[in-house]
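Keeping their order, the protein sequence lines are chains C and A.
Taking the numbering used here, the leading residue of the first sequence gets 6, the next gets one more, and so forth.
Taking the numbering used here, the leading residue of the second sequence gets 6, the next gets one more, and so forth.
Treat the hints with care, as some may be off.
Just so you know, same-sequence chains aren't split out, so a pair can sit in one copy or run between any two.
Subject to a maximum C-alpha distance of 16 angstroms in a straight line, what follows is the list of computed EDC-like cross-link-like pairs (lysine to aspartate or glutamate) [as the list claims (entries may be wrong)]: (1) Lys-78 with Asp-61; (2) Lys-78 with Asp-286; (3) Lys-334 with Glu-315; (4) Lys-78 with Asp-97; (5) Lys-78 with Glu-58; (6) Lys-78 with Asp-234; (7) Lys-78 with Glu-272; (8) Lys-334 with Asp-288; (9) Lys-78 with Glu-315; (10) Lys-334 with Asp-238; (11) Lys-334 with Glu-306; (12) Lys-334 with Glu-179; (13) Lys-334 with Asp-286; (14) Lys-78 with Asp-26; (15) Lys-334 with Asp-92; (16) Lys-78 with Glu-54; (17) Lys-78 with Asp-238; (18) Lys-334 with Glu-54; (19) Lys-78 with Asp-288.
Source of the hints: derived by calculation from the structure; they are not laboratory data.
There are 2 protein chains.
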Amino acid sequence: MSTKERGMIPGNEGAPWGWTDRHRSQHVAIVGATGAVGRELAQLLLAAEHPRERIDCLARRFGKLELALGRVKLDVRPLESTREATDFEGTDLAFLCTPSGISRELAPALCEAGVRVIDLSSALRMRPDVPLVVPEINGGELRGAPRLVANPNCTSAIAALPLAVVQRLFGLEELILVSYQAASGAGSAGIETLHYEAREASGAPAQGAPPQSPFVARLHQNVIPAVADVGPDGTSGEEQKICEELRKILGLPGLVVESTTARVPVERCHSVAIHCRLGADLDLDRLRAELARAPGLALTEDPHGPRPLECAGSDPVHVGRIRAGTRGKRSLCFFAVGDQIRKGAALNALQIAAALPAER
Amino acid sequence: MSTKERGMIPGNEGAPWGWTDRHRSQHVAIVGATGAVGRELAQLLLAAEHPRERIDCLARRFGKLELALGRVKLDVRPLESTREATDFEGTDLAFLCTPSGISRELAPALCEAGVRVIDLSSALRMRPDVPLVVPEINGGELRGAPRLVANPNCTSAIAALPLAVVQRLFGLEELILVSYQAASGAGSAGIETLHYEAREASGAPAQGAPPQSPFVARLHQNVIPAVADVGPDGTSGEEQKICEELRKILGLPGLVVESTTARVPVERCHSVAIHCRLGADLDLDRLRAELARAPGLALTEDPHGPRPLECAGSDPVHVGRIRAGTRGKRSLCFFAVGDQIRKGAALNALQIAAALPAER
Chain C
6 MSTKERGMIP GNEGAPWGWT DRHRSQHVAI VGATGAVGRE LAQLLLAAEH PRERIDCLAR
66 RFGKLELALG RVKLDVRPLE STREATDFEG TDLAFLCTPS GISRELAPAL CEAGVRVIDL
126 SSALRMRPDV PLVVPEINGG ELRGAPRLVA NPNCTSAIAA LPLAVVQRLF GLEELILVSY
186 QAASGAGSAG IETLHYEARE ASGAPAQGAP PQSPFVARLH QNVIPAVADV GPDGTSGEEQ
246 KICEELRKIL GLPGLVVEST TARVPVERCH SVAIHCRLGA DLDLDRLRAE LARAPGLALT
306 EDPHGPRPLE CAGSDPVHVG RIRAGTRGKR SLCFFAVGDQ IRKGAALNAL QIAAALPAER
Chain A
6 MSTKERGMIP GNEGAPWGWT DRHRSQHVAI VGATGAVGRE LAQLLLAAEH PRERIDCLAR
66 RFGKLELALG RVKLDVRPLE STREATDFEG TDLAFLCTPS GISRELAPAL CEAGVRVIDL
126 SSALRMRPDV PLVVPEINGG ELRGAPRLVA NPNCTSAIAA LPLAVVQRLF GLEELILVSY
186 QAASGAGSAG IETLHYEARE ASGAPAQGAP PQSPFVARLH QNVIPAVADV GPDGTSGEEQ
246 KICEELRKIL GLPGLVVEST TARVPVERCH SVAIHCRLGA DLDLDRLRAE LARAPGLALT
306 EDPHGPRPLE CAGSDPVHVG RIRAGTRGKR SLCFFAVGDQ IRKGAALNAL QIAAALPAER
């Protein structure tokens, strides 16, 4: 059943995502509200009927102090300090959609001031005392009502959701992940750059000045075979994160993860080709049945799907091309696509906030 | 050193590719000359200074009987029969840039009539009596002057070139290949479709009627996660070919190959992320040195390369992101990009023809 058939606002299918009156009574701050993820989060909060006057938008970028969300506009005020909680009087919960450097300073300051923090940057994800949560997988880690929770890297979150089902059924020994990551993984500048380049290459009239590209080369009709900086051992920062974060989220410290990440000219939705070696023999029928009923997942029977263009703006991680591998009875291949601004970032963060028990 | 710095015609760097006066004395036919590969082959023959009057272009498509190659035009005549050699009187060598169904009929008919055949379709590649050749790897199979030679699938040829070096140094036990394949892998219609969709999405003025798309969905700003039809076991035709052909080209019938193929919105050049399990411990320095001097390969030190846009129109298979895997000392990852119309098809076929000894 499509979104349209259910008579819902496109892209807000799952609203209100467990967001109740208890949550709506909180004063919520979005730091980095003008970025791609902050903007999406504001949109999700409004869709979950959070009162406008209890959404406080902050950003460092000046000159863009209004945010249009559908027909709603929210004021955005400048963040004055990244080291003190002075900007957050009366805030109950803050979402940090900020670069790691800012989160590293701001998150502890806010916690100390009694503000609950969900940090979407990579700054604190691997700290042993900070839970790294995809609610459908390890939401149990929120039971103790931690004041600070980290939201995973977008590719990690998207891959983790189907992998948790595979792990539960057969165990996981070894993973190869190869990604096709969207321009918007690099934020609004990524989207703007891709569209600018596409217009330019197609001879369409230019719309404004060329944006500052976050990519090392033209992305339109290209593939850039490493996301983030590449370290001395040849592994990219994104590949490193995927490896470490999957181990932490899945609770498998010994899991072997090898990956190649690449940026592709897609606006939204990361795709991942996953080749697994299991701990037990694969049973395809059982796997399909479990994937079909697992929360947060959508199974496609389209032999040429799922595809990022069609999955953009939807809640679940879409899984398809499920097949036995050629490396014996314990090998499995599949393809997963998720909207990385949504389940890979803003939606997952909102779900964490929804699942957090009230502080005692 | 770039093509420009060497003062060469862009895209014709390696000309004449071993094409000598002995080859230029042959009457050569290109069947399927109006397709993307046939067109490229005609261009390469001209760059190799093959006399125009000894290039005979045939095609089934009517109404497009002239072919512009730079400033040169070649007549294209219709192919009257796919079952008899009647169209090929006086032809010494025929390149079949034709669909499998046509090659399957035409290749034996031509051989019987004494015409040498290089077939670029998949029709005969896996026949035990037909050599499947990438000259840099198994050019030795041409020594017996076979009348019929098969040219590999484009992705197989591109992957095989660096893999042959890896195999020679360390042995290969298991491969995972994940592809990012260009629109032109589906021929001229693929390129036209991609550009039409990009113009349409960018609001550029339409140029002519929409082409008939060879893809199951819009490719512009999308990823289609299976190239060719998907069989009942979930493997796509392209994935099947890659597996079978790599075994044959590399001479490793027991090699385990697992792959995911996907189409990406790129005009030319297939990219492949390759994760290998070796037969011996990896020595990265030795591998880099050997890849750098192997014929047909170009090593890049760009941490975010090679990229298809920049490799388009060039001869070699470009290799980069060479690094140790995380699956022990015998694991290796790298990224390869090749112009699949060129080394993946037309150029490889020309190199086969150049390497074929005179018939006795």
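Structure-based check of each hint:
1. Within a single copy, Lys-78 and Asp-61 get their C-alpha atoms as close as 12 angstroms, which meets the 16 angstroms cut-off; across copies the closest is 67 angstroms, which misses it.
2. Taking the shortest Cα distances, Lys-78 and Asp-286 never come within 16 angstroms of each other, neither inside one copy (54 angstroms) nor across copies (60 angstroms).
3. In this assembly of identical chains, Lys-334 and Glu-315 lie within 16 angstroms of each other by CA distance neither inside one copy nor across copies; the values are 32 angstroms within and 40 angstroms between.
4. In the homo-oligomer, the alpha carbons of Lys-78 and Asp-97 never lie at most 16 angstroms apart, since the shortest distance is 22 angstroms inside one protomer and 74 angstroms across protomers.
5. In this assembly of identical chains, the alpha carbons of Lys-78 and Glu-58 lie at most 16 angstroms apart only when taken from the same copy (11 angstroms versus 70 angstroms across copies).
6. Neither within a single protomer nor between protomers do Lys-78 and Asp-234 lie at most 16 angstroms apart by alpha-carbon distance, with minima of 36 angstroms and 47 angstroms respectively.
7. For a Cα distance limit of 16 angstroms, the shortest separation of Lys-78 from Glu-272 qualifies neither inside one copy, at 24 angstroms, nor across copies, at 40 angstroms.
8. Taking CA atoms no more than 16 angstroms apart as the test, Lys-334 paired with Asp-288 passes inside one copy only; the shortest distance there is 9 angstroms, against 31 angstroms between copies.
9. Taking identical chains as interchangeable, the C-alpha atoms of Lys-78 and Glu-315 are never at most 16 angstroms apart, the minima being 28 angstroms within one chain and 43 angstroms between chains.
10. When the C-alpha separation of Lys-334 and Asp-238 is checked against a cutoff of 16 angstroms, the pair qualifies only between copies, where the shortest distance is 14 angstroms, while the shortest distance within a copy is 33 angstroms.
11. Taking the shortest alpha-carbon separations for Lys-334 and Glu-306, neither the intra-copy value of 22 angstroms nor the inter-copy value of 38 angstroms comes in at or below 16 angstroms.
12. In this assembly of identical chains, Lys-334 and Glu-179 lie within 16 angstroms of each other by CA distance both inside one copy and across copies; the values are 14 angstroms within and 15 angstroms between.
13. Proximity of Lys-334 and Asp-286 under a CA criterion of 16 angstroms is satisfied intra-copy only: 5 angstroms inside one chain copy versus 26 angstroms between copies.
14. Within a single copy, Lys-78 and Asp-26 get their C-alpha atoms no closer than 22 angstroms, and across copies no closer than 74 angstroms, so neither meets the 16 angstroms cut-off.
15. Neither within a single protomer nor between protomers do Lys-334 and Asp-92 lie at most 16 angstroms apart by alpha-carbon distance, with minima of 57 angstroms and 51 angstroms respectively.
16. Proximity of Lys-78 and Glu-54 under a CA criterion of 16 angstroms is satisfied intra-copy only: 15 angstroms inside one chain copy versus 66 angstroms between copies.
17. Within a single copy, Lys-78 and Asp-238 get their C-alpha atoms no closer than 46 angstroms, and across copies no closer than 51 angstroms, so neither meets the 16 angstroms cut-off.
18. Proximity of Lys-334 and Glu-54 under a CA criterion of 16 angstroms is satisfied in neither setting, with 48 angstroms inside one chain copy and 54 angstroms between copies.
19. Within a single copy, Lys-78 and Asp-288 get their C-alpha atoms no closer than 50 angstroms, and across copies no closer than 58 angstroms, so neither meets the 16 angstroms cut-off.
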